[in-house]
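> Residues per chain, in single letters:
Number of protein chains: 2
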Amino acid sequence: MKHLAALYKKELLENVLPFWINHSKDEQHGGFFTCLDRAGNVFDTDKFMWLQGREVWMFAMLYDKVTQNPQWKEMALHGAAFMEKHGRDAQGNWYFSLAQNGQPLIQPYNIFSDCFAALGFGALYKIDPKPEYYRIAKETFDNILQRRNNPKGIYTKNVPGTRNLKNFALPMILCNLSLELEHILGSEKVNEFIPEVLEEVMNVFYQKDTGLVLENVYEDGSFSDSFEGRLINPGHAIEAMWFIMDLGVRLKDETLIQRAVKIGLDMLEYGWDKQYGGILYFMDIKNQPPQQLEWDQKLWWVHMETLVFLAKGWQLTGNEACKAWFEKVHAYTWEHFKDNEHPEWFGYLNRRGEPLLELKGGKWKGCFHVPRALYQVWQALEKAPAFAEQPVVA
Amino acid sequence: MKHLAALYKKELLENVLPFWINHSKDEQHGGFFTCLDRAGNVFDTDKFMWLQGREVWMFAMLYDKVTQNPQWKEMALHGAAFMEKHGRDAQGNWYFSLAQNGQPLIQPYNIFSDCFAALGFGALYKIDPKPEYYRIAKETFDNILQRRNNPKGIYTKNVPGTRNLKNFALPMILCNLSLELEHILGSEKVNEFIPEVLEEVMNVFYQKDTGLVLENVYEDGSFSDSFEGRLINPGHAIEAMWFIMDLGVRLKDETLIQRAVKIGLDMLEYGWDKQYGGILYFMDIKNQPPQQLEWDQKLWWVHMETLVFLAKGWQLTGNEACKAWFEKVHAYTWEHFKDNEHPEWFGYLNRRGEPLLELKGGKWKGCFHVPRALYQVWQALEKAPAFAEQPVVA
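These protein sequence lines are chains A and B, in that order. Positions 1 to 394 (the UniProt record's numbering) are the ones given, in order, by the first sequence. Positions 1 to 394 (the UniProt record's numbering) are the ones given, in order, by the second sequence.
Do not rely on the hints blindly, as some may be mistaken.
Copies of the same chain look alike in the list, so a pair counts if it fits in one copy or across any two.
Said to hold, decoys possible - For lysine-lysine, the following BS3-like pairs were computed, each having C-alpha atoms within a straight-line distance of at most 27 Å: (1) K85 - K157; (2) K157 - K363; (3) K363 - K166; (4) K65 - K25; (5) K157 - K138; (6) K65 - K2; (7) K85 - K138; (8) K152 - K166; (9) K157 - K10; (10) K286 - K25; (11) K152 - K363; (12) K286 - K323.
Since the hints were derived computationally from the structure, they do not count as laboratory data.
Take these sequences, add in the hints, and give me the full structure.
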């Protein structure tokens, strides 16, 4: 495992981060290009706020946690300056995307733009404690809480009252965001907040009968027999389970960690493609045809997040199934997603594991899941044996 | 070609229509189920207005054009009654979808619901001339024209002014809709209307330099180097070209027909998958990665509409390339999309031509492209030799 930890560290520092430093900076207009082809050439200049916030977070977090590399701090500041100047509408909502020059392009219909902006500015405040960064992170977080029961606002197409569903993504991300922003929100507020999001993830979206996590349920928590209600996204639930393990460490709650490991392993077993290997993107809990035509594709983030889940599960519990699955998913991921001829990793494979798109970054893939997972797995595997001697929890 | 005409006719009358008659009628709440699995079982009960309107049109049109089968008229009336009762909001816009019982589910953000409602009620008025059907078709068509410059209305997420694009789909469908509604709108109105939509399709979205048709251009017709601006949908453009050929026949304009044949053949050559056969779903004119993850899939409607285009092209011009391509696309389509074990045809194949979803109907596939194409090809191939002796145009 030490050897593997070094492999993940090397891939992060020598392959993936240099790719983003070399190719994603827009020196002319500020902010980051994320639409980068196989070799790193820019193929589209739109600026997606999700990905701007995530890249700011990535470099600030690594500067804070790994080493005070001035280039990393400069990257974070570069992205944040562009976001601060152009990213929000008059009400402080973050646009979904901007044109290269910062002109707003797509309205703030998507609350995850706000989540990743808060994440980015929160991390930046840790390495450069300007009151402005604190204020943006705090105000954005407060705005997310205000919008959370109607996150799409005026852009929702649902007729109210007919099928009021709630979605798994927001409580799931709030599990992670509340920990990441503890220095902004204060521990007391986070302590108040945690039980509520935990309840949502572990008791409302998690289904006792099947052992699976649904993406959408009725507001009262019951099952909706509709395309949205039947939807399963194995990678999403597995990612959530490592957020829950982090909460378990924070709360020193071993039972919670054990439950998260069990749920994540069940989702992985369910989502694993028995025919071609890899983890399927979307499934239907009643085994009906999903509406997502990309259901059978293999996505980078699904596999990266699963590696984090398994490495943490192994680190924190010593569960042998985590280790065995880690080896299997590691082999699949490095064989199919890593590009041996050019830097960074492929994002989208077809069911057989062949590249579907050769891009290294796009509208949804930026400097986030690959480097975050490489960092998290490196850390978890380095700590794993120490934990075996001295458990974090219990 | 006579033998082929009989094959298409038989498939329509003995396989495809009975499938929808037997499985799509909701006897309890009215309207049509369209989410039908491989064998015809209902797997989801939502009612999508696009598909309700299309199924009404299909049965009414066949009753009008093929034979006065009372079962077909009954199907059309059954769907129309449900649409009339539940389908519109207070302003007369057609909802995108309803729950099984008719409760509105998704708001009228999509103007194509209105297009297919107008199509359906227009055809119904031909076989059952109730003033109510006339009124609904007419008012819906007028509403489409009113909304056409901002078809998504309040549901649009684009910030006005930054990148004002217009989309190919609406002018393209209006080419077809104006002919289908000539008995409602009057010939004078249609004559006024045709030059405008023809100009859009044949001179604005069609690009002289590349010979290809774009899905989105700036309002002034210029090229937008963005995901939307670079997008090519070969099947969409090919379908448009048979609408244009119908307009050519209506206008007795042989040059227009010849141009449509040339453009359609160029799009087909461009969109044909040289590696695995079949026609790709989405492409990027600059050969960059498209944002649609389903770009490499093979969709039923793309292939069905291409067969119509080729059969009409052959019928109207005797172009040998149309015949050769017809044989090639016919072979691919019947081999991969037709289900030899159960009725109706598959809708979604992966790049290799294997079924991606086994459904026969869903949120977007209903009683429309397969039966319409079987009817159109049957008619075109039956007429083809007659045309060779006595050209329709010139």
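> Are the hints correct? Go through all of them and say.
Checked hints:
1. K85 - K157: Classified as between: cross-chain Cα gap 21 Å, same-chain 30 Å, threshold 27 Å.
2. K157 - K363: both (22 Å within a copy, 16 Å between copies)
3. K363 - K166: both (25 Å within a copy, 21 Å between copies)
4. K65 - K25: The answer is within: 22 Å in one copy meets 27 Å, while 62 Å across copies does not.
5. K157 - K138: between (29 Å within a copy, 26 Å between copies)
6. K65 - K2: For K65 and K2, the Cα distance is within 27 Å only inside one copy (19 Å; across copies 75 Å).
7. K85 - K138: within (17 Å within a copy, 49 Å between copies)
8. K152 - K166: Both: 12 Å inside a chain and 24 Å across chains, each within 27 Å.
9. K157 - K10: Intra 46 Å, inter 41 Å, cutoff 27 Å: neither.
10. K286 - K25: between (45 Å within a copy, 23 Å between copies)
11. K152 - K363: Both. Shortest intra-copy (19 Å) and inter-copy (22 Å) distances satisfy the 27 Å Cα cut-off.
12. K286 - K323: neither (30 Å within a copy, 44 Å between copies)
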